[in-house]
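Chemist: These protein sequences, in sequence, are chains B and U.
Under our numbering, read the first sequence as residues 22 to 137, first letter to last.
Under our numbering, read the second sequence as residues -17 to 96, first letter to last.
Don't take every hint at face value.
Listed below are the simulated SDA-like cross-link pairs for lysine to any residue, each with C-alpha atoms no more than 20 Å apart in a straight line [unchecked claim]:
| id | chain 1 | residue 1 | chain 2 | residue 2 |
| --- | --- | --- | --- | --- |
| 1 | U | -17 | U | 52 |
| 2 | U | -17 | B | 66 |
| 3 | U | 24 | B | 62 |
| 4 | U | 24 | B | 109 |
| 5 | B | 34 | B | 125 |
| 6 | B | 34 | U | 23 |
| 7 | U | 24 | B | 78 |
| 8 | U | 50 | U | 77 |
| 9 | U | 95 | U | 1 |
| 10 | U | 24 | B | 63 |
| 11 | U | 24 | B | 29 |
| 12 | U | -17 | B | 24 |
| 13 | U | 24 | B | 59 |
| 14 | U | 24 | B | 24 |
| 15 | U | 95 | U | 2 |
| 16 | U | 95 | U | -1 |
| 17 | U | 24 | B | 33 |
| 18 | U | -17 | B | 81 |
| 19 | U | 95 | U | 67 |
| 20 | U | 24 | B | 130 |
| 21 | U | 50 | U | 2 |
| 22 | U | -17 | B | 107 |
| 23 | U | 24 | B | 77 |
| 24 | U | 24 | B | 58 |
| 25 | U | 24 | B | 133 |
| 26 | U | 50 | U | 9 |
| 27 | U | 24 | B | 32 |
| 28 | U | -17 | U | 13 |
| 29 | U | 24 | B | 125 |
Here chain B is said to cover these stretches of chain U; the calculated rule only asks that three of the stretch's residues, wherever they fall, bring their Cβ under 8 Å from a Cβ of chain B [said to hold, decoys possible]:
| id | stretch |
| --- | --- |
| 30 | 14 to 25 |
| 31 | 84 to 91 |
Cβ-Cβ distance ranges computed for the label pairs, FRET-style [stated by the list, open to error]:
| id | chain 1 | residue 1 | chain 2 | residue 2 | range |
| --- | --- | --- | --- | --- | --- |
| 32 | B | 26 | U | 47 | 27 to 35 Å |
| 33 | U | 22 | B | 32 | 13 to 21 Å |
| 34 | B | 84 | U | 2 | 38 to 46 Å |
| 35 | B | 135 | U | 96 | 32 to 40 Å |
| 36 | B | 81 | U | 24 | 19 to 27 Å |
| 37 | B | 49 | U | 37 | 24 to 32 Å |
Worth flagging that the hints you see were computed from the coordinates, not collected in a lab.
Beta carbons: idealized from backbone N, C-alpha and C, even for Gly.
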Amino acid sequence: EAGVTQSPTHLIKTRGQQATLRCSPISGHTSVYWYQQALGLGLQFLLWYDEGEERNRGNFPPRFSGRQFPNYSSELNVNALELEDSALYLCASSLGFVGAGNGGYTFGSGTRLTVV
Amino acid sequence: KQEVTQIPAALSVPEGENLVLNCSFTDSAIYNLQWFRQDPGKGLTSLLLIQSSQREQTSGRLNASLDKSSGRSTLYIAASQPGDSATYLCAVRLIKAAGNKLTFGGGTRVLVKP
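Take these sequences, add in the hints, and give me the full structure.
Modeler: Now the structure itself:
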């Protein structure tokens, strides 16, 4: 079974540009989550998508946005990049919130975004 | 607001010694608790998942306990090996009404010396 896949692995952008990060969940998982892990900081929750809808959002400015496609893959967009956006961005997937079964998260290997 | 704390922040032990990693959380309205391992610059690898109704889970040398009423979980790693060196993260999944997000502790960085 293929795991959660993220692309690209590394991304270098200039301040002010836009970055697009992609995530493909495990087959059968309908929920996708995005997390930011900046150097020296913990994992911060960004976004949760389920069944194509944004269900919850962390404490991040509106220039962090995303979407989920009909095949449940997801895209994270970061507009007007700032130097402090440099971080490892992790995507995770899980079964939809059905209240039963294994509710564990499976994480991808991440996208390392560097803003210069 | 759910807060997750991990103690100690760092741990160094000689090979063969047992590891005890602690995790505490403030809100007991959780769906489950998950322990992860993270190697430097890499993604997260799930180690153990404990549902809110369970008391413990075991996998090989790993055993994790959950005491929801006191807001605590402990990860035990028996007979540590140098390959166990990594950062260990505990995370609680809130119930849907609380937003369904996974809240992480700050992690415990483990070094197992040969």
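Chemist: Decide, hint by hint, whether the structure agrees.
Modeler: For each hint, the structure was consulted:
{"no.": "1", "hint": "U:-17 to U:52", "verdict": "holds (16 Å)"}
{"no.": "2", "hint": "U:-17 to B:66", "verdict": "holds (13 Å)"}
{"no.": "3", "hint": "U:24 to B:62", "verdict": "holds (15 Å)"}
{"no.": "4", "hint": "U:24 to B:109", "verdict": "holds (9 Å)"}
{"no.": "5", "hint": "B:34 to B:125", "verdict": "violated (33 Å)"}
{"no.": "6", "hint": "B:34 to U:23", "verdict": "holds (19 Å)"}
{"no.": "7", "hint": "U:24 to B:78", "verdict": "violated (24 Å)"}
{"no.": "8", "hint": "U:50 to U:77", "verdict": "holds (13 Å)"}
{"no.": "9", "hint": "U:95 to U:1", "verdict": "holds (12 Å)"}
{"no.": "10", "hint": "U:24 to B:63", "verdict": "holds (14 Å)"}
{"no.": "11", "hint": "U:24 to B:29", "verdict": "holds (14 Å)"}
{"no.": "12", "hint": "U:-17 to B:24", "verdict": "violated (31 Å)"}
{"no.": "13", "hint": "U:24 to B:59", "verdict": "holds (13 Å)"}
{"no.": "14", "hint": "U:24 to B:24", "verdict": "holds (14 Å)"}
{"no.": "15", "hint": "U:95 to U:2", "verdict": "holds (16 Å)"}
{"no.": "16", "hint": "U:95 to U:-1", "verdict": "holds (10 Å)"}
{"no.": "17", "hint": "U:24 to B:33", "verdict": "holds (17 Å)"}
{"no.": "18", "hint": "U:-17 to B:81", "verdict": "holds (16 Å)"}
{"no.": "19", "hint": "U:95 to U:67", "verdict": "holds (9 Å)"}
{"no.": "20", "hint": "U:24 to B:130", "verdict": "holds (6 Å)"}
{"no.": "21", "hint": "U:50 to U:2", "verdict": "holds (18 Å)"}
{"no.": "22", "hint": "U:-17 to B:107", "verdict": "violated (26 Å)"}
{"no.": "23", "hint": "U:24 to B:77", "verdict": "violated (25 Å)"}
{"no.": "24", "hint": "U:24 to B:58", "verdict": "holds (11 Å)"}
{"no.": "25", "hint": "U:24 to B:133", "verdict": "holds (9 Å)"}
{"no.": "26", "hint": "U:50 to U:9", "verdict": "holds (9 Å)"}
{"no.": "27", "hint": "U:24 to B:32", "verdict": "holds (15 Å)"}
{"no.": "28", "hint": "U:-17 to U:13", "verdict": "holds (15 Å)"}
{"no.": "29", "hint": "U:24 to B:125", "verdict": "holds (19 Å)"}
{"no.": "30", "hint": "14 to 25", "verdict": "holds (count 6)"}
{"no.": "31", "hint": "84 to 91", "verdict": "holds (count 6)"}
{"no.": "32", "hint": "B:26 to U:47: 27 to 35 Å", "verdict": "holds (33 Å)"}
{"no.": "33", "hint": "U:22 to B:32: 13 to 21 Å", "verdict": "holds (19 Å)"}
{"no.": "34", "hint": "B:84 to U:2: 38 to 46 Å", "verdict": "holds (42 Å)"}
{"no.": "35", "hint": "B:135 to U:96: 32 to 40 Å", "verdict": "holds (34 Å)"}
{"no.": "36", "hint": "B:81 to U:24: 19 to 27 Å", "verdict": "holds (23 Å)"}
{"no.": "37", "hint": "B:49 to U:37: 24 to 32 Å", "verdict": "holds (28 Å)"}
Comparing the model with each numbered hint stated earlier shows that hints 5, 7, 12, 22 and 23 do not hold.
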